[in-house]
Amino acid sequence: MIELMNVRKVFNAGKPSEFSAVNGVSLHIPENKVTVLKGPSGSGKTTLLSIVGCMSRPSAGRVKLKEREITSLPERFLTDIRRSTFGFIFQQPNLIKGITVLENVMLPAYPLGEKRSHLKARAHRGLSELSLTGKAASKVEWLSGGEAQRVSIVRALINNPSIIIADEPTAHLDTKLSYRFMEIVEKFKAEGKTVIITSHDPLVYESKMIDKVVNLRDGKIEENPT
Amino acid sequence: MNVWIEKQRYIIDFTISSLMRRKVKNIGLLVLYTLIVFILASTMFFTYAIKREAAFILEGSPEIVVQNLVAGRHDLLPVSYLEEIKSIRGVANVESRLWGYFYDSLVGANYTLMTPPQNQDSHKNQGKTTVVENDNGDPHANHEAHALFEYEGALLESGTLIIGNGVARMRGIGKDDYMPFMAADGQIMNMKIVGKLSSVSELVSSDLILMSEADLRKLFGISPDKVTDAIVTVRNPSEIQTVAGKIKKRIHSARPIIRDEILRTYSSIFNWRGGMMIVIFSAAVLAFVIFAWDKASGLSAGERQEIGILKAVGWETGDVIQMKFWEGAIVSLSAFLGGVILAYIHVFFTGSAIFEPALEGWSNLYPNFTLTPFINAEQLTTLFFLTVIPYTVATIVPTWRAATIDPDSAMRHTGG
Ligand SMILES: Nc1ncnc2c1ncn2[C@@H]1O[C@H](COP(=O)(O)OP(=O)(O)OP(=O)(O)O)[C@@H](O)[C@H]1O
Ligand SMILES: [Mg+2]
Numbered sequence: 410m411i412e413l414m415n416v417r418k419v420f421n422a423g424k425p426s427e428f429s430a431v432n433g434v435s436l437h438i439p440e441n442k443v444t445v446l447k448g449p450s451g452s453g454k455t456t457l458l459s460i461v462g463c464m465s466r467p468s469a470g471r472v473k474l475k476e477r478e479i480t481s482l483p484e485r486f487l488t489d490i491r492r493s494t495f496g497f498i499f500q501q502p503n504l505i506k507g508i509t510v511l512e513n514v515m516l517p518a519y520p521l522g523e524k525r526s527h528l529k530a531r532a533h534r535g536l537s538e539l540s541l542t543g544k545a546a547s548k549v550e551w552l553s554g555g556e557a558q559r560v561s562i563v564r565a566l567i568n569n570p571s572i573i574i575a576d577e578p579t580a581h582l583d584t585k586l587s588y589r590f591m592e593i594v595e596k597f598k599a600e601g602k603t604v605i606i607t608s609h610d611p612l613v614y615e616s617k618m619i620d621k622v623v624n625l626r627d628g629k630i631e632e633n634p635t
Numbered sequence: 005m006n007v008w009i010e011k012q013r014y015i016i017d018f019t020i021s022s023l024m025r026r027k028v029k030n031i032g033l034l035v036l037y038t039l040i041v042f043i044l045a046s047t048m049f050f051t052y053a054i055k056r057e058a059a060f061i062l063e064g065s066p067e068i069v070v071q072n073l074v075a076g077r078h079d080l081l082p083v084s085y086l087e088e089i090k091s092i093r094g095v096a097n098v099e100s101r102l103w104g105y106f107y108d109s110l111v112g113a114n115y116t117l118m119t120p121p122q123n124q125d126s127h128k129n130q131g132k133t134t135v136v137e138n139d140n141g142d143p144h145a146n147h148e149a150h151a152l153f154e155y156e157g158a159l160l161e162s163g164t165l166i167i168g169n170g171v172a173r174m175r176g177i178g179k180d181d182y183m184p185f186m187a188a189d190g191q192i193m194n195m196k197i198v199g200k201l202s203s204v205s206e207l208v209s210s211d212l213i214l215m216s217e218a219d220l221r222k223l224f225g226i227s228p229d230k231v232t233d234a235i236v237t238v239r240n241p242s243e244i245q246t247v248a249g250k251i252k253k254r255i256h257s258a259r260p261i262i263r264d265e266i267l268r269t270y271s272s273i274f275n276w277r278g279g280m281m282i283v284i285f286s287a288a289v290l291a292f293v294i295f296a297w298d299k300a301s302g303l304s305a306g307e308r309q310e311i312g313i314l315k316a317v318g319w320e321t322g323d324v325i326q327m328k329f330w331e332g333a334i335v336s337l338s339a340f341l342g343g344v345i346l347a348y349i350h351v352f353f354t355g356s357a358i359f360e361p362a363l364e365g366w367s368n369l370y371p372n373f374t375l376t377p378f379i380n381a382e383q384l385t386t387l388f389f390l391t392v393i394p395y396t397v398a399t400i401v402p403t404w405r406a407a408t409i410d411p412d413s414a415m416r417h418t419g420g
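Protein chains in written order, with the numbering used here: chain B, 410 to 635; chain H, 5 to 420.
Hints were generated in silico from the structure; no laboratory data involved.
Treat the hints loosely; a few may be bogus.
Listed next, the in silico BS3-like pairs over lysine-lysine satisfying Cα-Cα at most 27 Å (straight line) [what the hints assert, rightly or not]:
1) B:K524 to B:K602
2) B:K506 to H:K27
3) H:K29 to B:K524
Build the full structure now, drawing on both the sequences and the hints.
As structure tokens, this is what we get:
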């Protein structure tokens with residue numbers, strides 16, 4: 410499904426603050442499987458995910474999505490892929506403040522110009538699945554950390570993506586909600602979706618539905634983690 | 005197509021809720037912006053309207069006015085001169101005028117008292133031979149000549165008055181009211197108002213009072229063999245200068261004043277006012293440039309992060325720019341409309357109250373006069389290009405910069 414070939418990411422290249430966050434990662438992410446990226450803080454998990462999710466370009470190396478080279482595609486196509494293929498659950502909820510939960514959830518669908526009543530119905534359905542029905546009209550700044558996280562999950566799913574990327578999805582959730590999240594992941598898998606998760610939460614990476622665990626350290630894949 | 009419209013609707017909706025959530029900041033912005041448009045529009049409306057009044061006055065003013073000088077000062081003109089002038093070759097018509105100033109101690113203003121033009125037709129004729137530069141937007145430009153003011157319907161006979169709007173406003177009087185005057189011999193003349201003057205230019209008629217010849221002579225104590233001055237119409241406009249010279253030669257005490265001289269006096273007044281206005285105008289433009297520049301360079305961390313989020317969830321750079329375009333357009337269009345409407349009220353209904361200090365001399369000269377409302381497409385277009393366009397561009401440019409960077413780096417480490 411997704412193929413990374415010797416991918417590198419260097420920040421602030423040429424400056425004294427130059428920092429190499431990902432150092433030659435080659436990785437295969439299988440279709441319709443759950444892959445977990447794990448590793449200490451600062452090991453480059455988020456950076457790698459954003460390359461996979463077409464949110465940033467690698468400094469070197471290549472990325473293939475469904476046999477299609479995407480590293481060299483122009484910005485427009487990347488946005489298109491991002492919108493139609495990926496659902497991104499960020500490490501921080503990254504909701505837009507001042508507007509309602511419902512509007513936040515519908516945001517990724519705006520550029521598609523879909524009929525309003527359809528979109529609204531879909532958004533409400535998504536919210537109810539994560540027990541957020543009562544919060545639809547609330548402003549996002551009133552939400553608790555866990556609620557915000559769940560809203561960002563609903564938002565990631567609004568365009569019905571085939572690949573779901575979740576960066577530390579359980580960081581703000583209690584045990585019960587974390588289990589709830591893993592149930593959702595199981596459901597995705599049953600629907601034939603591909604899931605990529607970063608986590609250092611054992612509840613996630615030791616879960617029985619995980620198909621592949623990748624260990625990162627200092628921007629490299631560790632073959633034999635201790 | 006439907007999809008495109010629906011998409012614009014979504015984007016506009018989002019823009020509006022964006023604007024609403026930074027209410028204080030955006031309202032402040034809108035107020036400042038409206039204020040600048042207001043000042044720009046006010047100066048523009050004022051200068052245009054004043055120029056138009058000037059053109060209007062000149063259009064109706066006589067080609068030659070003949071005054072009589074005694075000891076170097078303007079004195080009454082003996083009626084016998086009129087025949088003398090009429091006999092000069094090239095003179096088409098001579099008309100006498102009776103007028104004077106009257107100080108009203110009650111309201112502390114000077115009025116111009118006048119007998120009605122003897123013959124409205126001849127009054128019209130005098131304009132026919134002349135070419136006066138006029139604004140294209142002036143609906144009256146097509147008529148070659150016209151009376152400066154009209155008082156249709158009202159019949160002026162002895163003991164009655166027709167008054168200008170300024171007089172009526174100042175004294176709080178109108179038709180059928182009485183207005184007392186103290187005549188030169190100390191007698192009180194109680195005059196009845198039978199009508200009001202209407203005019204395209206209030207500047208012309210504001211302080212004017214028309215009365216019959218007998219009343220005016222009695223009021224000022226002018227003997228029947230004298231008039232105030234004479235206006236001369238010339239057969240061939242190119243001969244004005246020559247005719248004026250002939251008048252001077254024939255009657256040594258006469259001072260012929262030709263229209264070009266009046267024009268020069270007026271334009272020096274108007275240019276001075278215009279100059280003041282240009283100063284105000286440029287100050288406002290400068291303020292706007294600073295304001296737009298500030299806007300252009302200042303995209304707050306919050307706004308950058310938001311753009312990052314929008315891009316991350318699948319908005320294209322173009323979508324983000326469209327959103328900011330709508331934002332700029334909504335703010336600047338409402339400021340534009342608000343500013344223009346306020347300026348219109350300010351200039352044409354409150355007599356440019358805010359510019360009062362700059363127009364001090366003016367308001368003494370013409371107490372309580374209001375400009376005739378006049379705006380045209382050219383003014384509005386100029387204003388539009390000076391404000392709405394640069395502002396909208398200034399909103400888009402920084403967005404374009406932020407929207408082309410990776411969503412990942414736009415969002416990073418800003419919390420959420
Ligand atoms: N835009 C950037 N400029 C400079 N350095 C960056 C940038 N983005 C990330 N980094 C650095 O790259 C390294 C990897 O960051 P990344 O966010 O991928 O770590 P992570 O594995 O997700 O950590 P965590 O588990 O804490 O989320 C970090 O040291 C970080 O400081
Ligand atoms: Mg991370």
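Hint check:
Annotation: proposed proximity of K524 of chain B to K602 of chain B holds, straight-line Cα distance about 25 Å (limit 27 Å). With a CA separation close to 13 Å, the supplied pair K506 of chain B and K27 of chain H stays within the 27 Å bound. With a CA separation close to 33 Å, the supplied pair K29 of chain H and K524 of chain B exceeds the 27 Å bound.
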